[in-house]
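J.: One-letter residues, chain by chain:
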Amino acid sequence: MKADTNEQALLKGLALNDSKAIETIYRDNFSMVQAFILQNNGSYDDARDIFQEAMIALYEKAQSESFVLTSQIKTYVYSICRRLWLKRLQQLGRYANRVDNLEETVPVEEDLEIHEKRNAEFAIMDRALNSLGEPCKSLLEGYYLKKMGMQELAAEFGYTNADNAKNQKYKCLMRLKKLFFSQYNIGD
Amino acid sequence: MMDDILLLEAIERYLHGDMEAAERDYFETLRKNTPEIDQMVVEHGMFLHQMDIYALHRNLRASLQASHTKLLERGDINEGGELTTKGKVIQLWNKYKKVTAIAASVGGVIALVISGLAIYFSPVVNGSQIEQLSKAIEVIKKNQQYQGTLINEVKSKIPENARLISGGSGFLIDPKGYIITNAHVLKGSGAVVVNSKGQEFNATIAHIDTDRDLAIIKINDPEYSPQKSLPYTIRRNSSELGEEIFTLGYPRNDIVYGEGYLSARSGYNSDSLTYQVQISANPGNSGGPVFNSNGEVIGILSTRQAEAEGVAFAVKSKNIYRMVDELKATDTNVAKIKLPTRSTLKGVNRKQQITRLEESVFYVKAFKK
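Chains as they are written, first to last, in the working numbering: chain X, 1 to 188; chain G, 189 to 557.
Because the hints were derived from the structure by calculation, they are not lab data.
Incorrect hints may appear among the rest.
Claimed, not checked - Computed far set for chain X versus chain G, every beta-carbon distance over 12 angstroms:
{"#": "1", "residue": "Glu7"}
{"#": "2", "residue": "Lys12"}
{"#": "3", "residue": "Asp18"}
{"#": "4", "residue": "Phe30"}
{"#": "5", "residue": "Phe122"}
{"#": "6", "residue": "Ala128"}
{"#": "7", "residue": "Ser131"}
{"#": "8", "residue": "Ala155"}
{"#": "9", "residue": "Thr160"}
{"#": "10", "residue": "Met174"}
{"#": "11", "residue": "Phe180"}
To be verified - Listed below are the simulated DSS-like cross-link pairs for lysine-lysine, each with C-alpha atoms no more than 25 angstroms apart in a straight line:
{"#": "12", "chain 1": "G", "residue 1": "Lys220", "chain 2": "X", "residue 2": "Lys177"}
{"#": "13", "chain 1": "G", "residue 1": "Lys375", "chain 2": "G", "residue 2": "Lys557"}
{"#": "14", "chain 1": "G", "residue 1": "Lys364", "chain 2": "G", "residue 2": "Lys258"}
{"#": "15", "chain 1": "X", "residue 1": "Lys12", "chain 2": "G", "residue 2": "Lys416"}
{"#": "16", "chain 1": "G", "residue 1": "Lys524", "chain 2": "G", "residue 2": "Lys364"}
{"#": "17", "chain 1": "X", "residue 1": "Lys20", "chain 2": "G", "residue 2": "Lys556"}
{"#": "18", "chain 1": "X", "residue 1": "Lys137", "chain 2": "X", "residue 2": "Lys147"}
{"#": "19", "chain 1": "G", "residue 1": "Lys524", "chain 2": "G", "residue 2": "Lys557"}
{"#": "20", "chain 1": "G", "residue 1": "Lys526", "chain 2": "G", "residue 2": "Lys516"}
{"#": "21", "chain 1": "X", "residue 1": "Lys147", "chain 2": "X", "residue 2": "Lys166"}
{"#": "22", "chain 1": "G", "residue 1": "Lys539", "chain 2": "G", "residue 2": "Lys556"}
{"#": "23", "chain 1": "G", "residue 1": "Lys258", "chain 2": "G", "residue 2": "Lys416"}
{"#": "24", "chain 1": "G", "residue 1": "Lys539", "chain 2": "G", "residue 2": "Lys524"}
{"#": "25", "chain 1": "X", "residue 1": "Lys20", "chain 2": "G", "residue 2": "Lys557"}
{"#": "26", "chain 1": "X", "residue 1": "Lys166", "chain 2": "X", "residue 2": "Lys178"}
{"#": "27", "chain 1": "X", "residue 1": "Lys12", "chain 2": "G", "residue 2": "Lys506"}
{"#": "28", "chain 1": "X", "residue 1": "Lys20", "chain 2": "G", "residue 2": "Lys258"}
{"#": "29", "chain 1": "G", "residue 1": "Lys556", "chain 2": "X", "residue 2": "Lys12"}
{"#": "30", "chain 1": "X", "residue 1": "Lys177", "chain 2": "X", "residue 2": "Lys146"}
{"#": "31", "chain 1": "X", "residue 1": "Lys166", "chain 2": "X", "residue 2": "Lys117"}
{"#": "32", "chain 1": "G", "residue 1": "Lys416", "chain 2": "G", "residue 2": "Lys516"}
Just so we're clear, the structure is a prediction, and the values are computed from it rather than from any experiment.
Glycine included, C-beta positions come from ideal geometry on N, C-alpha and C.
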């Protein structure tokens, strides 16, 4: 089963963070996942978490160059959610109700490994950024995430000139990198 | 310190490809000759890459949350709570948008009911009446096409604008084309079935019984030529522990055979509707028949236990009788179902049993429009 053209277009949209595409995939798949998680000892919040996690995994897949989705989006998302949720249950030591319907699933182990690595990296950066404190956090977010210019940032943060802002940014960046690399293992 | 700032700036410009050719050549020579700088470039490049990915993911997470909130507001998804008034209004509006489509399909439904009634009241079923039914559907197809592009129900086997959402197995309980499967296999709005030779047939969902996790679909396809009678019967009584069993199903596109034994009289959590069976069952086996060695259907494979290898559960076959009997009281279409009464598989060797059974077991593909 090759994903059809409509699904290909949706995945392309997802890779570009297109809100229309995200909404469509979300609308078409969420309820199925929610039902599965509710049936298996989960809550509404669990369902949302797991589903969004799967969407991120799908996004990662859609972004990679060697990207081929050999199943329907639905099957893929369901398979990811199922793996994630059973794993979560295991971690929580909740086993009740572990009965699966025998629907089609596809193997997702490899993708999940990549996804978990990405997630860990995301968490490290997130922690590092959040422990920086202000104004460092906003300054670096402005420059590196929102790609604002130094001039613009100087004005927004009340520095007398761009050089002052640059100085401050440099100090902040060094702190962030230190925090980040203290947890991130190069060569992993 | 100022030098460090300048150096970092240079590294960033270099990594972004913002340097002029001459400057870049100079920087590259510097990098080659100074291992410290080379290491800084590598390290900072990696860091910036991580930042970029972080930014993308953060934006995505925000978009996902925004979609969730929006869909919740519109009532497209819900989280158990009452629909908000806003959600209700929008849902109503969405419903009314579909009124034209509903109106158009009412014609089709009425035609189906009439042809169903006609056949019900006419004497003994035979081949030509089945032909008539399929003709009636041909007519409906044309009518519906006239009524606009919104509906293209029976046009292709899986409608163009439909998406395949789940798959499972199913088997005939009446050669006229009534197939039994699990309710949970039929997630969408319609289904097609595929036989072991790969031939696809249109089908309609005739009944869904979620309590028993059973469903009946009916093949409605002029290309389908019914067998005279089914080679197997459906067991009305309970089966015994240790009974040898086998199954046929579609965990992949090809039909797959598996064998095992009946391991408990009740199912998961002592569920009395089901048996526990020891058999290798895989996703896609749902809805497939479980036969005993005489070739009698004793159950419908439906679920398996996730943490134990080979433990699966099958809905007991007597539930088929119960469901069909209940339905006959209310549903005139289903009233025509005649469950098979004669088995020709007793004492026949397994390979021959399978050869005769194969054409009665179907791959069920459920789709959603």
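J.: Go through the numbered hints given earlier and state which of them the structure violates, listing their numbers in rising order.
T.: Per hint list: 1, 3, 4, 5, 6, 10, 11, 14, 15, 19, 22, 23, 24, 27 and 31 violated.
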